[in-house]
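Those sequence lines, one after another, are chains A and B.
Everything in the first sequence is counted per the numbering used here, starting at 1 for the first residue and increasing by one.
Everything in the second sequence is counted per the numbering used here, starting at 1001 for the first residue and increasing by one.
Be careful, since some hints might not be right.
Partial pick of chain A residues on the chain B-facing surface, computed with a CB cut under 10 Å [to be verified]:
1. 48
2. 188
3. 189
In silico DSS-like links for lysine-lysine, alpha-carbon gap of 30 Å or less [what the hints assert, rightly or not]:
4. 1072(B) to 1183(B)
5. 70(A) to 1059(B)
6. 70(A) to 1158(B)
7. 1059(B) to 1092(B)
8. 1004(B) to 1183(B)
9. 70(A) to 1045(B)
10. 70(A) to 1092(B)
11. 1059(B) to 1183(B)
12. 57(A) to 1158(B)
13. 57(A) to 1169(B)
14. 1169(B) to 1059(B)
If you are wondering where the hints come from, they were derived from the structure by calculation, not from laboratory data.
Here a beta-carbon is modelled for each residue, glycine too, at the ideal position from N, C-alpha and C.
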Amino acid sequence: MDRKHRIAARAAQELRDGDVVNLGVGIPTRVADHLPPGVDVYLHTENGLLGVGPAPKPGEVDPDVVNASKLPVTQTPGCSFFASDLSFSMIRGGHVDVAILGALQVDAQGRVANWSVPGATVLGVGGAMDLLVGAGRVIVTMSHTTRDGQPKIVQNASLPLTADRPVDLVITELAVFQVTETGLVLTELMPGATLEEVRRRTAAEFRVQLA
Amino acid sequence: MKQKILSKSDAIARIRDGMSIMVGGFGLVGAPLELIDELYRQGQKDLTVISNNVGEPGKGLSRLLEAGRIRKAIGSYFTSNPVVGEHVLAGKLEVELMPQGTFVEAIRAGGAGIGGFYTRASAGTLLAEGKETRVIGGQTYVLEYALTADVALIRAHKADRLGNLVYRKTARNFNPVMATAAKLVIAEVDEIVEVGQMDPEVIVTPHLYVDIIVQREGAT
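Looking at chain A on its own, in the form it has when it is part of the complex (with noise of 0.2 Å):
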């Protein structure tokens, strides 16, 4: 299994029978491969269906059919569509219960940035910071360092949040944090990493009470 698999494999661990999940991009979309058996989830987009199923066979696509990255994937039994002002009381509403999104940096105490990047024109934000004040729990899953080595957890972000809340789990391929009122704890390493890698590439303060 590739890490990028691994991620979203430990991200799946999480979700409980019943639950209405929301999946960025990235990812996120890999953990729906993973679920435990006896685990249902009910998958919500943002554009306005609450039952996606897995992408299309060739030859099946419905252009109507789409997720929030535009992306085709088909409906199951039992969903349903809806409009987007609906869509959106659902996440701000509390009704989703856990959205598991891609970040590009991490804070000591939890809050994420991933909507925009610095020097470039800030043109784009969609659903992000509707979901991250939105939903029941937050699970952050991406690399642990950014493609040239830099720490994306870090003290104090430099790009701009996408909001105040913190969020309550960060998976990367080193390790998982959960999100406490006194900042990030280090409760497991993943398989293969070490207390001394994680320590090395992330710059943010953390406590460690590994099981």
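Once you've looked at the hints, dock chain B against the given chain A.
Then chain B, alone, in the frame of chain A:
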């Protein structure tokens, strides 16, 4: 019975230079592409567009932008069309960016006679800078005002002759709410049926919101 069915050229001829126009669709899904193309053909300019996205290069609203006919765009996600960035950098387009849930709720409020609302979304971020905030239940909320427009161009699947509308799957998105928030609502539909042929239990947009129905010419 009032005749609501018009040709797309007669319908779009109601739009004047300088008007604000809501346009439905999530990307191109559920976008009224034939109405947009007719607007492009007729040449109205200096438009304010209220739409989640501004098309894709060469398609949908982006054609109007590329022709320099959009003055301002209000929406949530313009990143997927690089033409938007080029026009902003060149000083040819003003952009107002909102969280997607705030954007659609502002339109809902506009159509529902609500002047504004407080939302948690964007509190403590760049998008809330300069906006009034209020602490409610220990958390910071941001004041957002309603959005309305002169015209809404929407896409539905089926209409009856009165203007009752149903949509198709995720092509519904922003269309029903935009139908509530503009002075003139023009719906592009795949099919028009007689009054009484639609199940009243499944009608999403009741006819009082719809002024003009345009039958699509192309295949769906």
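Review point. Within a Cα-Cα threshold of 30 Å, do residue 70(A) and residue 1092(B) meet the stated pairing?
Key: Answer holds: residue 70(A) to residue 1092(B) is near 27 Å, not above 30 Å.
Check your understanding: Hey, does the residue 188(A) contact hint survive, CB to chain B under 10 Å?
Key -> Result: violated, 29 Å to nearest chain B Cβ.
Review point. Given the hinted pair residue 1169(B) and residue 1059(B), is their alpha-carbon gap at most 30 Å?
Key: Roughly 22 Å separates the two Cα atoms, so the pair holds.
Review point. Are the Cα positions of residue 57(A) and residue 1169(B) separated by 30 Å at most?
Key: holds, 18 Å
Review point. Does residue 1004(B) pair with residue 1183(B) here, judged by a C-alpha cut-off of 30 Å?
Key: Judged against 30 Å, a Cα distance of about 15 Å means the pair holds.
Practice item. Below or equal to 30 Å on CA atoms is what counts here, so check residue 70(A) against residue 1158(B). Key: holds, 23 Å
Check your understanding: Taken at face value, is the distance from the CA of residue 1092(B) to the CA of residue 1059(B) at most 30 Å?
Key -> Cα-Cα ~19 Å, so holds.
Check your understanding: Has the given pair, residue 1059(B) with residue 1183(B), been kept, meaning a C-alpha gap of at most 30 Å?
Key -> holds, 26 Å
Review point. Taking the closest Cβ pair, is residue 48(A) under 10 Å from chain B?
Key: Holds - the Cβ of residue 48(A) comes within 10 Å of chain B, reaching about 5 Å at its closest.
Check your understanding: Is the straight-line distance between the alpha-carbon of residue 57(A) and that of residue 1158(B) 30 Å or less?
Key -> holds, 27 Å
Check your understanding: Is the straight-line distance between the alpha-carbon of residue 70(A) and that of residue 1045(B) 30 Å or less?
Key -> holds, 29 Å
Check your understanding: Does residue 189(A) pass the interface check with chain B, least Cβ-Cβ distance below 10 Å?
Key -> Check failed: Cβ of residue 189(A) comes no nearer than 32 Å to chain B, outside 10 Å.
In the structure shown, a violation is registered for the earlier hints numbered 2 and 3, in ascending order.
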